[in-house]
Amino acid sequence: MTTRTLPRVRGGIGTSVGRPDGEPKVTGNFAFASDLSSPGMLWGATLRSPHAHATLTELDIGPALAMVGVHAVLTQDDVVGSPMFGQVEQDQPVLCDGTARYWGEPVAVVAADDEETARRAAAAIVAVWEPLDPLDDPERAAEIGSTFREMRIRRGDETAEGSVVVEGFYETATQDQAPLGPEAGFAIPDGEGGLDLYITSQWVHVDHRQIIACLDLEPDQVRCHPAGIGGAFGSREDISLHIHVAMLALATGRSVKMVYDRSESFVGHVKRHPSRMWYRHEADEDGNLVKVTARLILDGGAYAHTSPAVIANAAFFSVGPYRCDNVVIDAVVVRTNNPPAGAMRGFGVVQACFASESQMDSLAEAIGLAPLELRRRNALAPGDPFATSGQVIQGSLPTVAVIDALESIPIPDPIPSDDPRLAPGGTGLTTPRSAVVRGVGYAVGLKNLAFSEGFDDFAEARVVMTPAGIEIHTAAIEVGQGLVTVCQQIARTVLGVDRVAVVWKDTSQIGSAGSTSASRQTQMTGGAVHDAAVGLRDQILSLHGGDELRDDGVYKQGELVATVNEICSDGPVECHVRFRHPKTYPPDADGQGEIHAGFVVAAHRAVVDVDPELGLVRVVRVDTAQDVGRALNPQAIVGQLEGGIMQGMGFAVMEELVIDGGVIRNPTFTDYLIPTFLDAPDVEVRIIEEGDHWGPFGAKGIAESPTISSTPAIVAAIRAATGRSLTRVPVLPTDIVGV
Amino acid sequence: MTVPIVITVNGERRSVDVAGSESLLHTLRNDLGLPGTKDACEQGECGSCTVIFDGAAVCSCLVMAADADGATVTTVEGIGEGAQLHPLQEVMLAEGAVQCGFCTPGFIVTGVHLLETNSHPTEPEIREALSGNICRCTGYGAILRAFTALTSEGA
Amino acid sequence: MTGRGAAGALRRPRATDKWQRAAGYGTVMDFLAARNLDETLAAKAQRPDAQLLAGGTDLMVEVNIAHRRPSRVISLRRVEELREMTSNRIGAGVTWARLEGSDHGALAQAARTIGSPQIRAVATIGGNVATASPAGDGLPWIAAANARIVVRSKERGERVIPWNEFFTGVKHTSLEPDEVVTGVAIPDDVPTAQEFAKVGTRNAMVISIVSCVVMRGDDGFRVALGSVAPTPIRVTRAEEMLNAEARITEEALKEFSRIVSEEVRPITDHRSTEGYRRHAAGVLARRLAERCLA
Ligand SMILES: Cc1cc2nc3c(=O)[nH]c(=O)nc-3n(C[C@H](O)[C@H](O)[C@H](O)COP(=O)(O)OP(=O)(O)OC[C@H]3O[C@@H](n4cnc5c(N)ncnc54)[C@H](O)[C@@H]3O)c2cc1C
Ligand code: FES
Ligand code: FES
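Residue numbers (the working numbering), protein chains in the order written: chain W, 618 to 1356; chain H, 368 to 522; chain R, 48 to 341.
Quick caveat, the hints were computed from the structure, so don't treat them as lab data.
One thing to keep in mind: the hints can contain errors.
[Said to hold, decoys possible] Derived CB-CB ranges, DEER-like:
(1) W/S1186 - H/E379: 46 to 52 angstroms
(2) H/S382 - W/R1167: 50 to 56 angstroms
(3) W/D901 - H/E490: 44 to 50 angstroms
Beta carbons: idealized from backbone N, C-alpha and C, even for Gly.
Could you build the full structure based on these sequences and the hints that come with them?
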């Protein structure tokens, strides 16, 4: 622990300072990727497979090429570099390689004078298909060994037995991230065989690696720029149109813009893995967990994407934030002809948490304990071995504190008013007050921080002093979560300087910041900014013999000894840092080892009003206590928690991509329902600050926690109101009514 | 084939040739250089494309541009007095109601229209009036706080 | 992985291309901003294939996904006659926003559930009627009120069509190509005790899984439902059963509810199941009958 007092600056850490990009966003002046344009640019469009599984017997691009205004029509034959891409495994062809393996797989791309012509041209391409049987049953896929990764975790004594046993089978449907901003890319050729690419991404460097491989270009020939992003939630963790738009720009020598419309977006990005999970929890009479046995199947769809990492997360977090000495977990992620799955907020833990928290409720009931009491008894704490990997918990982990804090939030009055807007069914006027039953439910969720399993996880940042103020250079992606603000706050606090701006850099100008995912950027890029700021400060102070930095220069005992202009007399002064979190290791054959770099815990309590006869639910409130390590920006934390809870709530009661024979039946906002303002629960937040062992000022990433245990808490509340067992999410009216 | 139309956008008369059955949203974004109005669904389901059209808040994705001839339209770019933000814009920033910001122009336009027609909406009224605007990031909490801050100030 | 309810139903590979926008925006030749009804009828007589455009909330959705690319469009937005509303007649151009203030309680309740405020500001009852979607939320009220659809053509003048002859199937009506819906004619005997409800899985902006209107007047109960058959329907057997009761008891309502569930003819789709729709139809009808009695 350092005792150095932090300089007092405006907009430093711990304050709810506003976003620097806020004003352009409220005035409509912020440029999202889909807003970019240049005179004379072309528009791209994609032809996709109408089958989940089929052989492409004939592909005639002639009719499209013959159209006025069409400048290029490209197919897999036009891929000059590696024919395949993929973040973990390169298993997906850039364009259809003769077999379509999922519904909507890109087959050909077109560039034309305008959007409409491009789309018409794509539709004019003649593709002849021979449909094949889609492999759409994940259990069948597991049987025949069509898998991406199998996880085996064995800890303790496999023969251990508890006197109280509860078993359950659980299912989760496919959830879509449905970020409001569509996939978009804008490619500008440089006239020398390379190009600049502005794309919706969560990690430009990993995109860059795949793009140059497929284009067969040198790293410096392709410059990937972070572009304005309308939310991500995992959907932009993998490549969508990136390579396509780049190919079209290189083929035509003109700038090309590509934007997916909503239906195309639904097929064009990876989604949350649907899952089936079987669990057995065994405990002693006092409720101490003795053994957890589980089998999990996640459906990864047609291509690998991040499935191998998702299944690891599902497996390692299958017990939740509890101690348990005997653990037997088998988890598998299968390859099918369903839509490819990948990253979504919570990354495998959402599914496991729904099942394991449902199990904890069953266990509490079997033993006769209050749900939170059972959890408190088993709560995982620093120094304990982690139930699955066995690693000793380092840093902070206030499991009991979040449970206590959650319980301290007062429960609101029974049923509010007669206003139908606040009742199940809303203005549909289905439900009189007398038909409403209230239920309360709880859940606690644990998540790993940053990348696990020995991945070389780092983030680069450069902090630069210029005469105009401090610049932070990074290629980290701001998706809306507020990383830009937090970086400014960290630099201000470390340096004691107000004027700090974040300057986004492309892949040629700075090294990777890693992905905006895994709740990691506040700690990783934030950590890099912190260390670079410390380095810069120390360097400047020692050079000019000062003891304090302020906006106008270096001070010594309150006297200005060097102005900013003097400091920068030979140009800007900078410090560049590559930040790494504590080293992790791959699991051994039993899934044991130092696998995770850190942990974050949160608890949720849901209050729901249910109309059991019609199966309608209104989620009245979801309160939460959240472990944050250290609150760098309280307002931004509340925003993340409320937004994440909303997605967890959507998954609990309405969000489902209905997939039938590999085909998505509802790829529109008309039928994929996202909670509206009238569905939004009230949220009360308790922030628990116990500094972690790494990360700037002890801060933890918190973006995923709210989507993890909110879903099981809501389902528990519906169970409490209805007495139904409800083993699948989303819980639909049919499940509650039982017809 | 194109149809010539004249519309008054943010106080300015603009003449533009619109293609066939394209939407006003398309025309605003691609032909009139006003990309502040957002396109997230083109189905009327998200409200990101909301504009004030002859006094009503409507989804510009569902207005056929050819049919907008003679209309008066206000987009997010026309909210506020020059560089001076509208109080709703101020309070949305102050309350942290903007994350990715993709929904924000729609909320601003719908919200300004709400406040013009009902200066002191109750909380359920705010929720209902904004129920056609989807936000995927904030969970609506901060947006609600922004509106309540504004309407309870006795403004 | 298959979706709930759909399991096993359709195992064959199926080709669909919901995302593919094909035909050109550029195909519109004529756009007529009609100034009055005569101009509309004349234009329609000349070009019966012309597409009428009211609020655009059904039409533009289809245009945007290229399911429809009309070659001729006649806009009704400026036709004053269609916006008139009297106690006996609602002009086709009356928006749902205006109908939220209707004196007919159940119609006002239905109006408030249609889409969002932005939709209701422009969407019209005429568009709802002409689209004739099974999920059209305005239609059960029309059925319960025994309203008639007023249509007009230049050639044949006005026709007043009973609702059950107007709605002929899923998105099918007896409207002739040269005709325009001018309004909905409301009989004098519409009971003032009337209630509407609609089930959806979200509290706003949701397509009906089931919608229902119950009215209670001198002639007894009238019960109409939406989203449970190709057209809006009246459940006459259930109405007769309830109307035959001397006193409406708990038991009678239960039986009534059961008959409603039996009489409807819903399907299973990605929004819900046949079984749930039957169940919910019965529950809504019973609750609305209770509301009418209260
Ligand atoms: C986001 C969204 C949500 C919706 N939610 C609901 C809902 O909850 N409940 C519901 O019932 N509907 C809903 N709808 C559908 C739609 O809003 C309604 O059906 C509406 O009443 C249609 O009216 P309109 O004036 O917009 O029709 P338009 O789109 O202008 O026209 C629809 C059709 O009717 C024809 N037409 C229009 N007027 C006439 C006329 N006078 N004579 C002959 N033909 C005519 C047109 O040619 C066209 O084929 C929703 C739509 C959207 C986009
Ligand atoms: S883009 Fe118009 S409502 Fe979504
Ligand atoms: S702030 Fe991202 S959708 Fe609302």
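Hints, one by one, checked against the model:
no.: 1; hint: W/S1186 - H/E379: 46 to 52 angstroms; in the structure: holds, 49 angstroms
no.: 2; hint: H/S382 - W/R1167: 50 to 56 angstroms; in the structure: holds, 55 angstroms
no.: 3; hint: W/D901 - H/E490: 44 to 50 angstroms; in the structure: holds, 48 angstroms
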